[in-house]
Amino acid sequence: MSDAPLNSAIALSRTRTDRARRWRTIRPLLTVYLPVLPFVAFALFPLYFMLVTSLKSNAELYDVGSVPFWISRGMTLSHYGLLSADTPFWDWFANSLIVSLSATVISVVLGVLAAYPLARMRFPGSDSFGVAVFITYLVPPTLLFLPLTSVVNWLGLSDSLWALVVTYPTFLVPFCTWLLMGYFRTVPKEIEECAMLDGCNRFQSMFRILLPAAVPGLICAALFAFTLSWNEFLYALVFVSPAELKTMTVGVFSELIRGDIYYWGALMAGAVIGSIPIVIAYVFFLDYYVSGLTSGAIK
Amino acid sequence: MVTSTNSHPRRQRRRQFLQSAAGAAGGLGTVLALRQAPALAQTRELTFLTVASFVPDTDKELKRQFEEWGKQNKVKVRLDIIAHLQLQTKKAAEVQAKSGHDLTALGPGLGDAALYYDYLVDLADLAGDVGPKNGGWLRPDDYLIRGKWTLLPWWQPPFPMAIRTDILKKLDETPPDTWEDWLRVGKKAKAIGHPFGTAMGHSGDANTTLLSILWSYGGSYVAKDGQTVTINSPETREAMEFVKRLYTEAMDPEVLAWDDASNNRCLNAGKCFAIHNPISAYESAKKDQVVVPGTKQPIAEVIDHVNTPRGPKGRYATTGFWCVGIWNFSKNVDAAKDFLRFHFQPDNQARWVEAGHGFNMPFLNNLTNHPVYKSDPQYRNIPDVAKVTVPPSWPGPTTAASQQVCDLYIIPDMFAQYATGRMTLDQAIAWGEKEISAIYSKRRG
Chain A
1 MSDAPLNSAI ALSRTRTDRA RRWRTIRPLL TVYLPVLPFV AFALFPLYFM
51 LVTSLKSNAE LYDVGSVPFW ISRGMTLSHY GLLSADTPFW DWFANSLIVS
101 LSATVISVVL GVLAAYPLAR MRFPGSDSFG VAVFITYLVP PTLLFLPLTS
151 VVNWLGLSDS LWALVVTYPT FLVPFCTWLL MGYFRTVPKE IEECAMLDGC
201 NRFQSMFRIL LPAAVPGLIC AALFAFTLSW NEFLYALVFV SPAELKTMTV
251 GVFSELIRGD IYYWGALMAG AVIGSIPIVI AYVFFLDYYV SGLTSGAIK
Chain B
1 MVTSTNSHPR RQRRRQFLQS AAGAAGGLGT VLALRQAPAL AQTRELTFLT
51 VASFVPDTDK ELKRQFEEWG KQNKVKVRLD IIAHLQLQTK KAAEVQAKSG
101 HDLTALGPGL GDAALYYDYL VDLADLAGDV GPKNGGWLRP DDYLIRGKWT
151 LLPWWQPPFP MAIRTDILKK LDETPPDTWE DWLRVGKKAK AIGHPFGTAM
201 GHSGDANTTL LSILWSYGGS YVAKDGQTVT INSPETREAM EFVKRLYTEA
251 MDPEVLAWDD ASNNRCLNAG KCFAIHNPIS AYESAKKDQV VVPGTKQPIA
301 EVIDHVNTPR GPKGRYATTG FWCVGIWNFS KNVDAAKDFL RFHFQPDNQA
351 RWVEAGHGFN MPFLNNLTNH PVYKSDPQYR NIPDVAKVTV PPSWPGPTTA
401 ASQQVCDLYI IPDMFAQYAT GRMTLDQAIA WGEKEISAIY SKRRG
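So the protein sequences, as listed, match chains A and B.
Read in order, the letters of the first sequence are residues 1 to 299 in the UniProt record's numbering.
Read in order, the letters of the second sequence are residues 1 to 445 in the UniProt record's numbering.
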C-alpha cells in the first residue's frame with residue numbers, strides 16, 4: 001500500500017492545525033483589540049493633543065496652516081519653563097494635592113460610617129436615607145456655591161485651604177456613601193454574624209471583617225473622591241482668592257488667560273502636569289477600581 | 001506673570017495649614033465648633049480683587065502702587081488677580097455672603113454697577129476729587145448709575161482697526177476709513193485668501209463691533225430715556241444689510257464661533273487682513289516674535305492700527321468699560337477710598353498707563369494725551385478712538401437691562417441670524433425687538 005493518502009491526511013491535518021493556531025493568534029486582534037482601538041484613541045486623544053500642544057513653539061501654535069496633530073517645527077519646553085518660572089504653578093500643584101488628599105480622607109471615612117448602617121442595618125427610613133443621599137449628590141455645585149459662600153464666611157474660613165477641605169466633602173460624602181453602600185451589600189452578612197458570635201461588637205466587625213473585605217470598594221471611592229477634588233473648579237475659584245493659595249485648576253486659568261490673549265502652550269503644559277497624579281493613581285489601582293465599581297453594581 | 005501680593009510668604013501659609021491640620025487631630029470638628037479660621041482671617045487688611053490685564057506689567061505696577069500706599073499708611077494690602085471670565089462668579093458670591101474684598105473691579109460694562117447698585121458705596125466725593133486733577137472725565141454723564149457715582153471708570157481698551165499693511169500694499173489700496181470702504185477692500189483681500197475678521201458669536205468683541213456698526217448707521221437698541229426699545233428701525237435694517245454683505249463677501253463663516261481671542265489669532269497667524277480689536281494682537285505678536293507665514297519678517301512690523309471706521313451717520317465705537325468700586329459691606333471703606341485717591345493721582349495714573357503700553361486707557365482727559373500714545377506710531381489713533389467711544393447702552397443710560405442685553409448677546413445673535421440666512425430681515429429684527437423688550441420690561445432701573 002502506498003503511504004500517499006496517509007501523508008496527505010497528515011499534511012491536511014497539519015495545515016488545519018496551523019490555521020487554527022494562526023486564527024487563535026489573530027482572533028483576539030480582530031475581535032478584541034481592533035474594535036477597542038477607536039475607543040482607546042478617542043479616550044487618549046485629549047491627552048495626546050494636550051501634550052503635543054504643550055511642546056509646540058508659539059510660532060507653530062499661531063500658524064493656521066500647520067497640522068495641529070503633530071509637531072512639525074521642533075519641540076520646545078519653553079511653555080513648561082514659563083509655567084515653572086513665571087507663575088507659582090508648583091504652589092498650586094501642592095495646594096491641589098493637600099486639599100484633594102485631605103478631602104478624600106475625610107470623605108471616605110465619613111462615607112464608610114454612613115454607608116455601613118444604611119447597607120447593613122434595618123431601621124425605619126433606611127431606604128429613604130439611601131435615596132436621599134444619592135439625591136444630595138445630584139444637586140449641582142452651581143446651585144450650592146452661593147449659599148455655601150455664606151456658610152464658609154460664617155465659619156471664618158474664606159481665603160484658606162480649609163474652605164475647600166470643608167466644602168469638598170459636601171459632594172464627595174454622598175458619592176462615597178452611595179458607592180460604598182453598594183459594595184458593602186456584596187460582602188456576605190454571614191461572615192460578620194460569625195464574627196459577632198465570636199464576640200465582636202458592631203464596630204469591631206466593621207473594622208476587622210467588613211472593611212478588609214471591602215478594600216476594592218474603598219479604593220474605588222477614594223480614587224473617585226480624589227479625582228473629583230483634583231478637578232474641582234467652582235468652589236476653588238469662589239472660596240479662595242490669594243494667588244499662592246489657589247488650586248491648580250483655578251491658578252492656571254487665572255494666570256494664563258489674560259484678556260483676549262490665551263497662553264495656549266502653557267495652559268496645555270499645566271493640563272499635562274495636572275493629569276499626571278490622576279494617571280498614576282489609576283495605573284496603580286485600576287484593578288481595584290474596576291472591581292469596586294462592578295461589585296457594587298450587581299447587588 | 002503676576003501673582004497675588006501678600007506680605008505672608010506662600011510657603012509659610014501652606015505650612016500654617018499643615019500645622020493646623022496636624023495639631024487639630026480631627027481639627028475639622030474643632031474648627032467647626034469654634035467657628036474660627038485657623039489662619040489669619042482675623043487680621044485686618046485692605047483687599048482688592050481685579051482682573052488679569054492683557055499686559056502683565058500693568059498688574060505689576062498696580063501691585064507696586066498698592067504696596068506703596070500700604071507702607072505709607074501702615075495697612076496690610078492684598079491684591080488678588082483673576083481672569084476676567086471669573087469675575088462674575090466671584091462678585092456674585094461676595095455679594096451673597098456680604099463679605100469678601102473691599103475694592104473690586106467691575107466690568108466689562110458699566111452695567112455691573114447697576115446690577116450691584118445696592119451693594120456699592122457712593123463715590124461722588126472721590127470722582128469730584130479725581131476728575132479735576134486729571135483734566136476732567138471724558139464723558140462724565142455716561143458713568144452715572146441712576147444719577148450716582150457708584151463706580152469710578154477705570155480703564156478702557158479702545159477698539160481701532162488692526163490692519164496688515166503688506167496686504168494693503170498688494171491690493172494697491174490705502175487704509176479704508178468708512179465701513180463701506182472696509183467691505184470693498186475686504187472683498188478684494190478675501191479673494192487672495194485674507195478675509196476680514198470680526199467675531200459674530202457670543203463674545204465681547206462681537207457686541208463691540210456690531211454695536212459700533214449699528215450706531216454708525218444711525219441705529220440703536222434703546223432710546224435716550226432708557227426705556228423705549230428702538231431696535232426696529234430703518235437704520236437697523238441698513239446696518240444689518242451691511243453686515244450680511246460683510247459676512248458673506250469679506251469674511252469666513254468661522255467668525256460665528258469666535259471667542260475674544262480668535263481674531264487676535266487670525267491676524268497673528270497671517271490669515272486675516274484686518275480685525276476690529278484693541279492693540280493686544282499687535283503686542284502679543286511682538287512678544288511672541290510671530291512671523292509672516294513663509295517669511296522671516298516679524299508680523300508686528302506689517303500691522304498698523306487705524307481709526308475705528310465711520311458709517312453714514314458718524315463714527316462710533318464701544319469697548320469694555322472696566323471700572324472700580326467699593327462694596328458697602330467692606331469694613332475699610334475710608335481706606336479703600338484713600339487708596340483710589342492715591343492710585344488716581346496724575347503721576348500714578350501716568351506710570352500705570354505707561355506700564356500697560358497704553359492698552360489701559362483711563363477715562364480721564366489728560367491721560368488720553370499720555371506720551372505713550374506718541375511713543376509708537378501704532379498707537380497714534382488710539383486717543384481718537386477713545387473720543388468716539390460710548391457705553392454699550394448708548395444713547396440710553398447704563399442700566400441692569402442694558403447690561404443684560406450685552407450679557408445675553410442679543411445684538412450679535414440678531415445680526416448673525418440674518419447674515420447666515422437663518423431668518424429673514426424682518427424675522428431677525430422682530431426677534432431682537434421681542435428679546436430686548438422683554439428684558440427692559442422685566443428690569444426697571
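These are calculated hints, taken from the structure and not from any lab test.
Just so you know, even glycine gets a beta-carbon here, dropped at the ideal spot from N, CA and C.
Take these hints with a grain of salt, some might be off.
Listed next, the stretches of chain B that the computed footprint assigns to chain A, with coverage defined by at least 3 CB atoms under 8 Å from CB atoms of chain A [as the list claims (entries may be wrong)]:
id, region
1, 76–87
2, 99–113
3, 283–290
4, 393–400
These are the hints, each one checked on the structure:
Coverage of the region 76–87 of chain B by chain A holds [criterion: at least 3 residues with CB-CB distance below 8 Å; count 8]. A count of 3 residues in the region 99–113 of chain B with a Cβ less than 8 Å from any Cβ of chain A is obtained; the coverage claim is therefore met, three being the minimum. For the region 283–290 of chain B, the assignment as covered by chain A holds, since 4 residues bring a beta-carbon within under 8 Å of that chain's beta-carbons and 3 suffice. Evaluation of the coverage hint for the region 393–400 of chain B: breached, as 0 residues show C-beta separations to chain A shorter than 8 Å, against a requirement of three.
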